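Chemist: Listed below, chain by chain, are the residues.
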Amino acid sequence: MGYDAAALQRFSLKIFADPASAGAPRTIIPVFHRWIQEHAVPGLLIDVADYTHLVDGPSVLLVAHEANYVLDETAGRPGLSYTRKQPLEGAFGDRLATAAAALIAAARRLEQDTSRMTGGGVTFPGNEIEFAANDRLAAPRIADTESALRNELAGFGARLFGGADVEVRPLDDPARLGFSLKTAETITLDTLLSRLE
Amino acid sequence: MTWKEALGDRIPAELGAEIDTFERQIALRRQGKIDEKVFAETRLRRGVYGQRYDNGQRNDGTGPKTLPYPSNGLTKGPETVWDAPGMQRIKIPMGRLAPDQMDTLADLAEEYSDDVCHVTTRQDIQLHFVHLDDTPDLMRRLAAVGITTREACGNTVRNVTACPLAGVCRDETFDVTPHAEACMRFLLGHPDAQDFGRKFKVAFSGCREHACGLVSMHDLGLIAVTRTIDGAERHGFETYVGGGLGAVPHQAKLFDEFLPVEELLPIAQAISRVFARLGEKRNRARARIKFLVAHLGLEEFKRLVLEERAALPDDPRWTAHLTGAPPAAEQPLKPAAPANGGGSNGFEGWARTNVYHQRQSGYATVTVALPLGDLTAHQMRRLASLARQYVGGAVRATAEQNIVLRWVREADLPALHRELSAVGLGRAGAGTLADITACPGTDTCKLGIASSRGLAAELTSRLSERAAAGAFDPAVEGLRIKTSGCFNSCGQHHIADLGFYGVSRNIGGYAVPHFQVVLGGKWLDNAGAYGLASGAVPSKRIPEVIERITGRFVAERREDESFQDYTRRIGKRALREMFADLATVPPHDDDPSFYSDWGDPREFTLGDMGVGECAGEVVSLTEFDLAAAEARIFEAQSQLEEHAFARADELAYGAMLLGARGLIKTEFVDIGDAPDAIVQEFRTRFFDTQVFFDKYAGGKFAMYLFRRHEGGPKLKPDAVHHLVEEAQLFLEACHACQARLAARPAAGMPAARTPAAGAQAAGTQAAGTQAATQGQGR
Chain A
1 MGYDAAALQR
11 FSLKIFADPA
21 SAGAPRTIIP
31 VFHRWIQEHA
41 VPGLLIDVAD
51 YTHLVDGPSV
61 LLVAHEANYV
71 LDETAGRPGL
81 SYTRKQPLEG
91 AFGDRLATAA
101 AALIAAARRL
111 EQDTSRMTGG
121 GVTFPGNEIE
131 FAANDRLAAP
141 RIADTESALR
151 NELAGFGARL
161 FGGADVEVRP
171 LDDPARLGFS
181 LKTAETITLD
191 TLLSRLE
Chain B
1 MTWKEALGDR
11 IPAELGAEID
21 TFERQIALRR
31 QGKIDEKVFA
41 ETRLRRGVYG
51 QRYDNGQRND
61 GTGPKTLPYP
71 SNGLTKGPET
81 VWDAPGMQRI
91 KIPMGRLAPD
101 QMDTLADLAE
111 EYSDDVCHVT
121 TRQDIQLHFV
131 HLDDTPDLMR
141 RLAAVGITTR
151 EACGNTVRNV
161 TACPLAGVCR
171 DETFDVTPHA
181 EACMRFLLGH
191 PDAQDFGRKF
201 KVAFSGCREH
211 ACGLVSMHDL
221 GLIAVTRTID
231 GAERHGFETY
241 VGGGLGAVPH
251 QAKLFDEFLP
261 VEELLPIAQA
271 ISRVFARLGE
281 KRNRARARIK
291 FLVAHLGLEE
301 FKRLVLEERA
311 ALPDDPRWTA
321 HLTGAPPAAE
331 QPLKPAAPAN
341 GGGSNGFEGW
351 ARTNVYHQRQ
361 SGYATVTVAL
371 PLGDLTAHQM
381 RRLASLARQY
391 VGGAVRATAE
401 QNIVLRWVRE
411 ADLPALHREL
421 SAVGLGRAGA
431 GTLADITACP
441 GTDTCKLGIA
451 SSRGLAAELT
461 SRLSERAAAG
471 AFDPAVEGLR
481 IKTSGCFNSC
491 GQHHIADLGF
501 YGVSRNIGGY
511 AVPHFQVVLG
521 GKWLDNAGAY
531 GLASGAVPSK
541 RIPEVIERIT
551 GRFVAERRED
561 ESFQDYTRRI
571 GKRALREMFA
581 DLATVPPHDD
591 DPSFYSDWGD
601 PREFTLGDMG
611 VGECAGEVVS
621 LTEFDLAAAE
631 ARIFEAQSQL
641 EEHAFARADE
651 LAYGAMLLGA
661 RGLIKTEFVD
671 IGDAPDAIVQ
681 EFRTRFFDTQ
691 VFFDKYAGGK
701 FAMYLFRRHE
711 GGPKLKPDAV
721 HHLVEEAQLF
731 LEACHACQAR
741 LAARPAAGMP
751 AARTPAAGAQ
761 AAGTQAAGTQ
771 AATQGQGR
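Chains A and B are the protein sequences, given in the same order. Quick note on our numbering: the first sequence kicks off at 1 and runs consecutively. Quick note on our numbering: the second sequence kicks off at 1 and runs consecutively.
Check before you lean on any hint, since a few could be wrong.
Stated by the list, open to error - Calculated lysine to aspartate or glutamate pairs in the EDC-like style (CA-CA distance at most 20 Å, straight line):
#1 B:K65 / A:E38
#2 B:K4 / A:E38
#3 B:K65 / A:E66
#4 B:K4 / A:D4
No wet-lab data here; the hints were simulated from the structure. Quantities reported herein were computed from a predicted structural model and do not represent experimental measurements.
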């Protein structure tokens, strides 16, 4: 098996929330239901799945046909994930940008929709995003694929973070191929989005 | 590169061929070449199940809305849209899991599902939100680690369950594991277990007293017993039949006080035959074997089974597991070592509720208590790693939706607890009031009325702290709470001390989620008694019900009185009165929270319920064979295109044999696989009688089969090309013949088990059962 960027369609991106801003995950359940009513984010939005009883993983899912939007608590770090399930058009970099744009737009919407909540809303500092491959056939965690994917993601990180220094670090979880992309300065979600257009 | 290529011979040949066939059937359904009902039962038999909203409709809280799946009208079953996500049930016989299997389950949950593995009340694992098109690869990856999803759903023998302590239990008569394993292997795909009107569930228990096997609620339940015969101790089973929960719960009836282990498989086969032949097929609500046993009476049912047993031809598989070297018993990874202290925060409470000291001195079985039976992919993978580190792989899923690690040496308990806690798996309270069982309910089930998981999550949240602190009164600590989303009892509410199942009530023009309270069921004694329905209470008031009834029980119980005895003593009227004030619902404007369910802010509605798939589709053996023949001819065409002529010839010939066999099964279900017998029976029953004849072409299409059968393969490209075309025409003629047969007035006679001519085929029907069959009129 070898890395095949052209074939890698299943992957997830996670943008981290400021832990101090993240309220009880259950408060997001009605927000996601409202998103379905209002078609607030791209995709055929199907249902909300409540996994708030779990720790260290998905907490609340907005299930869509194309991708899931996930309030995620993996490794105790709250954030919003976008897990792509259906194929996207274009080269790998284009697909990455499309998915990232969907994720960041959803994060921005979540900031807005939770801002009126008691105790304030969730905020995303915008300086860290995590990529994980979800296809062990196209992208197993071996040295070759890790190296190839690192290069792709370094380029994507440079674009997203506007040329700032980006730390590209492999995921701690040895079972998954992925990288964390991190820069020092916080960046607004609007700015991140503008760089993906 | 595909998964099929990547895994290569790591996929056992037989499983690989089955999955290839399923993949072809998916392709054929896409082309409209398989009827949606046949395809639905086909996928159900591979564990591919529908989910809520897969009819393309959902109430989003403002009203019913269409979900515009990009399916272009394609369906994967009646009212089931192709692109709608579904559930994959994965059979884990006896709940036995190995670490590499757990790693694979974690990978599949991440790649095809929602990152969560769910343990079911039948020791299965389920993945939700799976796309149909992903299922063949998912199955291949499971097959590569020795797991099949075959017959996980549909009208089949479901996962064979057994006590998760089998082999390490202090009280068991003997380890039932090898017998359960043999039973599972024998019945999986067995021809006599393919024509049921409903599902068939088998369970094994090592003793009578404990709950682990839940024998009394099974279609076939077996309890390990011994008997001294001619001075020697013999192993056998106290055997029960006709139990089941559902809307009409039945306690299983004693079929045999001592069924010698040698007779287990033949009797299971004979029971299967009687159920397939006489069980209800049209009325799904009365098609489980419990209704057949009740209808015939136990004695007549038993007589028919024994008659069938007497007529069964010997099968070496019946005793293969009993002869030769005994199967390797589970071995500990490390030498025994007693506990020596050192537990971290919470260890004592956890050890009190989650640790079972095995009969093997120095070892313990640890229960990993899973909230609602869920664990994340990361947790599953971590648990696999801990299993390797501490027990070498002895892991089982339980009917209480937990996972146990067996053979933990006691000295390792503190370290294991620390490591489990580090990934959120060190929760105390296993087997207590806070360890709640729940079916999927309205979260994902099409039949769900109320949110069983939402209620269970709320109760877990309220009760867990007390469980960890050991703060429950001893009289109530070990009581069980079980919740179902509807009366079908997938959450096993009937056998809980405190059971709840979802119902709806109309209040002031609004639907309000309620739970029917079922009290006093008996989890112990292998599900020894079913509870009493004691009135419906609004969903949001169920926590108060639990507080009240447990409080009253503690205050009012007589010395050593059990909860079951208490509820029976005070009676149904008093129980209803106890909750009468809780049954009221405030007006919608005063408190709208009553009008939505736990964990779901939408106003409650029954409008999202769909057509359930628990009952599967009744699809005849003929339809299955014709569908399989279609898949085979499809593959023959592919092979022809790739110039693999020998393989194409073989597949085309095989497709004709399958088509012919399907027709024969309308009259003679035991035809078997032998080509000579198929051709002979087909000639006698359908050609000589002209039943197969086309109005214009006469017997021409049958000659295609006869010619290939008698003339053997001709592998020149043109000849193979012709054969593939002829096979296609032959199959068309089989379909036409089947349609003519279906249009004939019903004869009221089930398919016979005797060949039309020649030697007796394997498995002839017991003498005399024809009469019983005719008299049955089912």
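Chemist: Give a verdict on every hint.
Modeler: Status of the hints after comparison with the structure:
Restraint check: the Cα-Cα separation between B:K65 and A:E38 comes to about 12 Å, which is no more than 20 Å; the hinted pair holds. Note on B:K4 and A:E38: the hinted pairing is violated, with a Cα-Cα distance of about 42 Å set against a maximum of 20 Å. As the CA atoms of B:K65 and A:E66 are separated by approximately 18 Å, the hinted pair is consistent with the 20 Å bound. Of the pairs offered as hints, the one joining B:K4 and A:D4 holds, with about 17 Å between alpha carbons and a cut-off of 20 Å not exceeded.
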